[in-house]
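Peer 1: First to last, the protein sequences are chains A and B. The opening position of the first sequence corresponds to residue 1 in my numbering, with each subsequent residue numbered one higher. The opening position of the second sequence corresponds to residue 1001 in my numbering, with each subsequent residue numbered one higher.
One or more of the hints may lead you astray.
[What the hints assert, rightly or not] Straight-line C-alpha distance at most 25 Å; calculated BS3-like pairs for lysine-lysine: (1) 92/A <-> 102/A; (2) 112/A <-> 1039/B; (3) 1043/B <-> 112/A; (4) 1012/B <-> 1052/B; (5) 1136/B <-> 1112/B; (6) 112/A <-> 1112/B; (7) 1136/B <-> 39/A; (8) 43/A <-> 1043/B; (9) 43/A <-> 1052/B; (10) 1052/B <-> 1102/B; (11) 112/A <-> 1040/B; (12) 1136/B <-> 52/A; (13) 1043/B <-> 40/A; (14) 52/A <-> 1052/B; (15) 52/A <-> 1092/B; (16) 1136/B <-> 1052/B; (17) 1112/B <-> 1040/B; (18) 52/A <-> 40/A; (19) 39/A <-> 12/A; (20) 1012/B <-> 1043/B; (21) 112/A <-> 92/A.
Read the hints as simulated data drawn from the structure, not as lab findings.
There are 2 protein chains.
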Amino acid sequence: MTANFEIEPLDKLNFNAFFSLIEELAAYEKLPPPDTEAKKRLKQDGLAANPKYNAYLARSDDQYIGYVIYFMTYSSFIALPTLYLEDIFILKQYRRQGVGTKFFEFCLSRAKALGCGRIEFCVLDWNTPAQNFYDKLGAQRLGWLFYRVNREQIENSKLES
Amino acid sequence: MTANFEIEPLDKLNFNAFFSLIEELAAYEKLPPPDTEAKKRLKQDGLAANPKYNAYLARSDDQYIGYVIYFMTYSSFIALPTLYLEDIFILKQYRRQGVGTKFFEFCLSRAKALGCGRIEFCVLDWNTPAQNFYDKLGAQRLGWLFYRVNREQIENSKLES
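Looking at chain A on its own, in the form it has when it is part of the complex:
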């Protein structure tokens, strides 16, 4: 079965649907979803003249069924921008119908159009369905460890900006 859908950019009209999908992804990843203040920032940051992230939604008839978020990073060794894929998410009932593959192909075409030398992303270590999906598409799993410093650590740093 193949879902019939269109990919459209985030805008004022589909923002609430986008936000609901993010809440669904947070539940799936067992991570806390954005709160009300975060929702406001997300809207402002995504719909600004120079948006802080790029988001596209998949719409099937009048139902929004998934989204992708990416931004530009950069490789100093190959001196080309990298398309950093932050999230691909598809509602459970629309999975295994080619939507994820279409989103990935969409990212490949954006990367090509933007002159990127690489696409990079991270997958949770327990998320084997996602790993199988990306492995099948030919992405290479590299031996890098992923680190994070959180907001409290940034705010409590004794340093002056």
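We have chain A; now place chain B onto it with these hints.
Peer 2: Coordinates of chain B only, in the frame set by chain A:
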């Protein structure tokens, strides 16, 4: 022993020193360094009005001894920008003198000034000196797997932009 040094932004005058340091890092990481074409792009992309990456160098007297590269990504769950730390590199003879820690503190202060909710970065799995360094500074190693799609795969995608 503590090295005496200043942190200064990348500019036209220090670009060649910056490029030599990148070549040193590539050798250390056993990865191919940028070629002549890449050097041109790196200069253009780093010194543009809207640079594609942010770079700062550490200078000790008239010797450039290290650099840091970062860019802004974004967390959709906390709806705040992330400072993504691409590289910290210090010439071998200047290591273990506090330069790396100063660079990391510089990133913390930049993240604070830019209103970031997180700092994120990747470390090669065999690079235990770097892992020990970041562990000591309090960064959390997360269970994410890092993936990449390379330039050939992007260019050979059958898709139109």
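Peer 1: Sort out which numbered hints this structure fails and list those numbers smallest first.
Peer 2: Numbers 6, 7, 8, 12, 13, 15, 16, 17, 21 - these are the hints that the structure violates, sorted from lowest upward.
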